[in-house]
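**Student:** Residues per chain are reported as follows:
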Amino acid sequence: MNSLLLWIPLLPLLGFVLNGLFGRRLPKPLVHWIACGATGASFLLAAIVFQRFLNLPERLVQVVYFRWIESGDFVANFGLLLDPLSMVMALVVTGVGFLIHVYSIGYMWADDGYYRFFAYMNLFMFAMLMLVLADNYLLLFLGWEGVGLCSYLLIGFYFHKPSAAAAGKKAFIVNRIGDFGFVVGLVLLFVTFRTLDFRTLFAQVAALPVEAHYGVLTAITLLFFVGATGKSAQIPLYVWLPDAMEGPTPVSALIHAATMVTAGVYMVARSNPMYGRAPETLFWVGLVGALTAVFAATIGLFQRDIKRVLAYSTVSQLGYMFVALGVGAYATGIFHLMTHAFFKALLFLGSGSVILALHHEQDMQAMGGLRKYLPVTAATMWIGALAIAGVPPLAGFFSKDEILWHAFSGGARGHLVFFGLATLAAGLTAFYMFRLIFLTFHGRTRVPEDRRHHIHESPRPMTAVLAVLALLAAAGGFVGLPAWLGPNVLADFLQPVFAQLPSAEAAAHAPHDLAQELAVTGAAVLVGLLGIAAAWLAFVRRGALPDDEKRLGAAHRLVFNKYYIDELYDRAIVRPLAWISESWLWRIVDAGLIDGLVNGAGALAGALGDGARRVQNGLTRTYLGWVAVGAIGVGLYVLFLFG
Amino acid sequence: MPIPSLHVLILSALLFAIGVIGVLLRRNLVVMFLCVELMLNAANLALIGFSQRLGLLDGQVVVFFVIVLAAAEAAVGLALVIALYRSRRTLDADQLNLMKY
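Protein chains in written order, with the numbering used here: chain A, 1 to 643; chain B, 1 to 101.
Derived by calculation from the structure, the hints in this document are not laboratory data. Only a predicted model underlies this, so the values are computations on that prediction, with no experimental measurement involved. Hints are not guaranteed to be accurate.
[Claimed, not checked] From the structure, some residues in chain A lie toward chain B, with a derived Cβ separation under 7 Å: (1) Ser581; (2) Arg613; (3) Gln616; (4) Gly618; (5) Leu619; (6) Arg621; (7) Thr622; (8) Leu624; (9) Gly625; (10) Ala628.
Ideal Cβ placement from N, Cα and C applies to all residues, glycine included.
Input sequences plus hints: build the corresponding full structure.
**Tutor:** Put into structure tokens, the structure is as follows:
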């Protein structure tokens, strides 16, 4: 078990090393056999470990492989922690990761840098698995930064394209801002508790009371949440994620929808003993999540680029997960993380299939009627869209419904506001998703006549992956049935991780009002269906196109341009920083002060040397004169000393 | 009636000063060389003066050593002067300034 566990992250690392070092010389099939083999084997191992894990008397395994860093009383181990939470994450990451690797064989086949792509993908898998399996915060942070690096490398995969290179940089820099908060939080955490190990730390935290006002736990958790807003693309640091769509579509599916961006959700859930004792932070988590969910959903309404719609949808769904965390329903957050991984990966891969069929056309204005040409893609995308819209009994219905119910019934401050915003976001989500479906697959095709016969369904590996993901998106919700329907397998499985919480206990003992719950469910489904119906009216009945939306005038312009947030950040932050950097830090501090000091020191030594060498003029008599002066000096010295 | 030590020392000091000034001011290498000899002999005179004053022979012994050394030095020094004159056709110390910065 111990060594099996280690091989789960190590296999993808091995794949990265092989493909990274020798991939250029290897034939393409071998490259993808290595990469997919490594992740596939990793998934199999995770499955075997899962099976053994279920049979353990106590479902908790911590293995310390070696002491990684030791300095004074600061100790960080290289150790892995397997508990229900990391087990679920490892299964989702390896499972979805493997499927997307397989899909990439078809999608990236014609690309140069085939080996480079798979090497980065495997490195990403390694970093992500380290993140979810780490047994202490420092190792988690290693994975956290590792996935950030891979995200940067893969967004900028087409680095010869200036927009892709800029998007990569943007992602990296925006994440740096969040990570700064995370690092400060880590330092504060260590200073307070003298440990970064999860189990030791949480045992200490368990003895602390719930902080009624701002205290050290609130400070730490807020700083951690700053890190989470960066990685998981929440207000105000969400701006990098839509731009990250410059990367290849499998990257968008794996990193920027299914796994990496959920790292913030995982981290908050992992830190639940601390968050549970900091209600102030939880309020902010929920508020930011709810606002992001609505805000990003509105931007998604008018986007024309098929991948951008999905990107804003991802931001919005991540907001949903934070709403769940904010009301203390950690298991529900993880549940939505899982179902989202299924249906969002499916939607991204489906859009990738469309993009590939249309030779890298991403504007929905130029699509339409594609279900005739891409039957498998259309069918699976339909399932994904129904799932995200929350239509029963698909996966999204159960997880979204559970979030709404917890937001409605939870006792946390502002929970009804969160509930209202989340319900609104659910309606918007259903609308923009079906706008995408109708504009892409229905109506008359707007693909130019001469290019229509080039459209054909994607190769077998891709459609097979779409089918598997569609199955997961359809059936994945049954692991988390609501109380009135059956056992919630996932929540029961995760229960030991979240059990020590005061708020969880309170929630468990809260009276379960069946009528209320059914009403909430009904409202959620109704809102989703209303969104779908509105989309059908606008885009099927009336046959509206993205170009027609311009007639909405100023509102459309504002939303289409993403509320000019990027421009605002540019004016308010980027340009002042660039100005200060150039006119002050560069021209005055660097060129003036630093260069002045360095060059001045050199010039001073030169001047002194130049003066001193004049003494050596080659004339014997001068030298003798100095000898005489010296002799007289020594004589006088002796005279004064002994005279 | 022995010569008072003070007189000997004054003469020695004068001779030494003349030697120093000669070395510093004269430009002909041969004359500078002579002046160095003068300084050596001024030192010899002072040694003899002390020897007489203290009634010890040590000073006189040192003087013999100095004379022998001066002879050797003169041999080497004059050889150098001749070699220098052959190559440079001058013995003006101010013209011999190639060994500078």
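**Student:** Now look at each hint and say whether the structure bears it out.
**Tutor:** Comparing the hints with the structure gives:
A least Cβ separation of about 45 Å between A:Ser581 and chain B goes past the 7 Å threshold, and the interface hint is therefore violated. Interface hint status for A:Arg613: upheld, as the beta-carbon distance to the closest one in chain B is roughly 4 Å, under 7 Å. A distance limit of 7 Å between C-beta atoms decides the matter here; for A:Gln616 the minimum to chain B is near 5 Å, and the interface restraint holds. Of the supplied interface hints, the one on A:Gly618 holds, with its beta-carbon coming within about 3 Å of a beta-carbon of chain B, less than 7 Å.
The beta carbon of A:Leu619 comes within 5 Å of a beta carbon in chain B, closer than 7 Å, and the hint placing it at the interface holds. Here the hint on A:Arg621 is kept, as its CB sits about 5 Å from the closest CB of chain B, short of 7 Å. Interface hint at A:Thr622: violated, since its Cβ lies 9 Å from the closest Cβ of chain B, which is beyond the 7 Å cut-off. Interface restraint check for A:Leu624: the shortest CB-CB distance to chain B comes to about 5 Å, inside 7 Å, so the restraint holds.
With 7 Å as the threshold, the beta carbon of A:Gly625 comes within range of chain B, its nearest partner Cβ sitting at about 6 Å, so the hint holds. The closest approach between the C-beta of A:Ala628 and any C-beta of chain B is roughly 6 Å, which is under the 7 Å cut-off, so the hint is satisfied.
Of the numbered hints listed earlier, those contradicted by the structure are 1, 7.
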